[in-house]
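Participant: Sequence:
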Amino acid sequence: YTRFRKDFLQRHMDFPKTASSDNNDYCNVMMMRRGMSFPGRCTSRNTFVHTEPADLTSVCTNQPDDSLCTTGQHFPVTVCNLIRSHPTCIYSGNQFNHRVRVKCIGDLPVYLDSTFP
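Residues 1 to 117 in UniProt numbering are what the sequence shown lists, from first letter to last.
Just so you know, the hints here were simulated from the structure itself, not pulled from any lab data. Check before you lean on any hint, since a few could be wrong.
Label pairs and their in silico Cβ distance ranges [stated by the list, open to error]:
| no. | residue 1 | residue 2 | range |
| --- | --- | --- | --- |
| 1 | Asn24 | Asn97 | 14 to 20 Å |
| 2 | Thr88 | Asn62 | 40 to 46 Å |
| 3 | Ser58 | Arg3 | 18 to 24 Å |
| 4 | Asn94 | Met32 | 17 to 23 Å |
| 5 | Asn94 | Gly72 | 21 to 27 Å |
| 6 | Arg5 | Arg33 | 15 to 21 Å |
| 7 | Thr61 | Arg33 | 15 to 21 Å |
| 8 | Asn97 | Asp65 | 26 to 32 Å |
Quick reminder that beta carbons are idealized off the backbone N, C-alpha and C, glycines included.
My request is simple: use the sequences and hints to build the entire structure.
Facilitator: Structural data, given as structure tokens:
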């Protein structure tokens, strides 16, 4: 599960939030920095959660493998959506305060299913 955990942290966790001029710039920088944006190969959508990883791990404690678990509290999240893929990946970003639903395996979040108010 370690590889899944590392992938989850790489793709979705950013705490404290990386400084940027605005949410669009944030998404363009972070998608490239985290390996989800290459010329000609752009991830269409990704969500970054701005809280301690332990806050999401705790929702998985004592849960059966492959269960979807939702946080009771809301966290700041930035949702990045692809708006142009050529010649480079360009994203628009929106920040929300959302609950987070994750898939759990071995008491750890391994997949971000969704976020919602």
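Participant: Take a look at whether the Cβ-Cβ distance between Thr88 and Asn62 falls inside 40 to 46 Å.
Facilitator: Holds, since Thr88 and Asn62 (Cβ atoms, about 44 Å apart) stay within the stated range.
Participant: State, for the Cβ atoms of Asn94 and Met32, whether the hinted interval 17 to 23 Å holds or is violated.
Facilitator: holds, 18 Å
Participant: Does the Cβ-Cβ separation between Asn94 and Gly72 fall within 21 to 27 Å?
Facilitator: Given a distance of about 23 Å, which is inside 21 to 27 Å, the answer is holds.
Participant: Arg5 and Arg33, beta-carbon distance inside 15 to 21 Å?
Facilitator: holds, 19 Å
Participant: Looking only at beta-carbon atoms, does the pair Asn97, Asp65 fall within the given range of 26 to 32 Å?
Facilitator: holds, 29 Å
Participant: Is 14 to 20 Å a correct range for the gap between the Cβ atoms of Asn24 and Asn97?
Facilitator: holds, 19 Å
Participant: Quick check: does the Cβ-Cβ distance between Thr61 and Arg33 fall within 15 to 21 Å?
Facilitator: violated, 30 Å
Participant: I want to verify a distance hint. Is the separation of the beta carbons of Ser58 and Arg3 within 18 to 24 Å?
Facilitator: holds, 21 Å
Hint 7 from the list above is the single one not met by this structure.
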